[in-house]
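Engineer: Read off the chains here:
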Amino acid sequence: LAKTTQPISMDSYEGQEVNITCSHNNIATNDYITWYQQFPSQGPRFIIQGYKTKVTNEVASLFIPADRKSSTLSLPRVSLSDTAVYYCLVGDKAAGNKLTFGGGTRVLVKP
Amino acid sequence: EADIYQTPRYLVIGTGKKITLECSQTMGHDKMYWYQQDPGMELHLIHYSYGVNSTEKGDLSSESTVSRIRTEHFPLTLESARPSHTSQYLCASRDRYSYEQYFGPGTRLTVT
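So the sequence lines, in the order shown, correspond to chains A and B. By my numbering, the letter at position 25 of the first sequence is numbered 21, and the numbering carries on one by one without gaps. Every number in my numbering is 83 more than the matching position in the second sequence, counting from 1.
Possibly wrong hints are sitting among the right ones.
[What the hints assert, rightly or not] The following label-pair restraints were derived from C-beta to C-beta distances:
no.: 1; chain 1: A; residue 1: E54; chain 2: B; residue 2: S181; range: 27 to 35 Å
no.: 2; chain 1: A; residue 1: V55; chain 2: B; residue 2: R92; range: 40 to 48 Å
no.: 3; chain 1: B; residue 1: E162; chain 2: A; residue 2: T17; range: 25 to 33 Å
no.: 4; chain 1: A; residue 1: N53; chain 2: B; residue 2: P122; range: 41 to 49 Å
no.: 5; chain 1: B; residue 1: R179; chain 2: A; residue 2: R41; range: 14 to 22 Å
no.: 6; chain 1: B; residue 1: E162; chain 2: A; residue 2: T79; range: 35 to 43 Å
no.: 7; chain 1: A; residue 1: T68; chain 2: B; residue 2: G97; range: 43 to 51 Å
no.: 8; chain 1: A; residue 1: V55; chain 2: B; residue 2: G97; range: 38 to 46 Å
no.: 9; chain 1: A; residue 1: E13; chain 2: B; residue 2: R165; range: 40 to 48 Å
no.: 10; chain 1: A; residue 1: P72; chain 2: B; residue 2: K100; range: 26 to 34 Å
Hints listed in this document are in silico derivations from the structure and should not be mistaken for laboratory results. We put the CB at the ideal spot given by N, CA and C, even for glycine.
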């Protein structure tokens, strides 16, 4: 499983765009990149998944450069309710039975 | 909406007691997981299963045990609870063809 590195915490303000970058230098050819969101006292919730280029859904966008050694989760126009911990995971769903959550990035959205 | 359930949601129990945390999912997922998480800390995988009668230990050593006799059911047992077992326990499941894990609401365990 590829190791990931992401910032421990980030602060932002309501209405701003938040970008969280995750480094995964030893990502394998078959690995996908997945992001989860976790609110206090709850289990993580799937946000978005991608393999390369750009993926967008109703919640976020995921930007993956051509070398795939990093990825950036973009949260547009955050609100107070986006305050949470965001986890970046990298793995191959076909070969791997487990996905390892690292420390995540604690995002605090201020009024 | 994910259909994965955990009971009890909260449990306070004395040292030395045997406890079983229940986890059930109705999605027919092959893969199931148990994580342990202390407040404000990262999730640690303690057990996982990729199908009936298959279980594996996770990244974090745990004194708990699990069983997978039915696809939908993945209980976790502590034979003798200790204060060091105080934590939140999260159960999750996913389909073999997807990365998306669905998490239950968790069990917050306190051992006194």
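Engineer: Find the hints from earlier in the document that the structure breaks and name them by number, from lowest to highest.
Structural biologist: 1, 2, 3, 4 and 10
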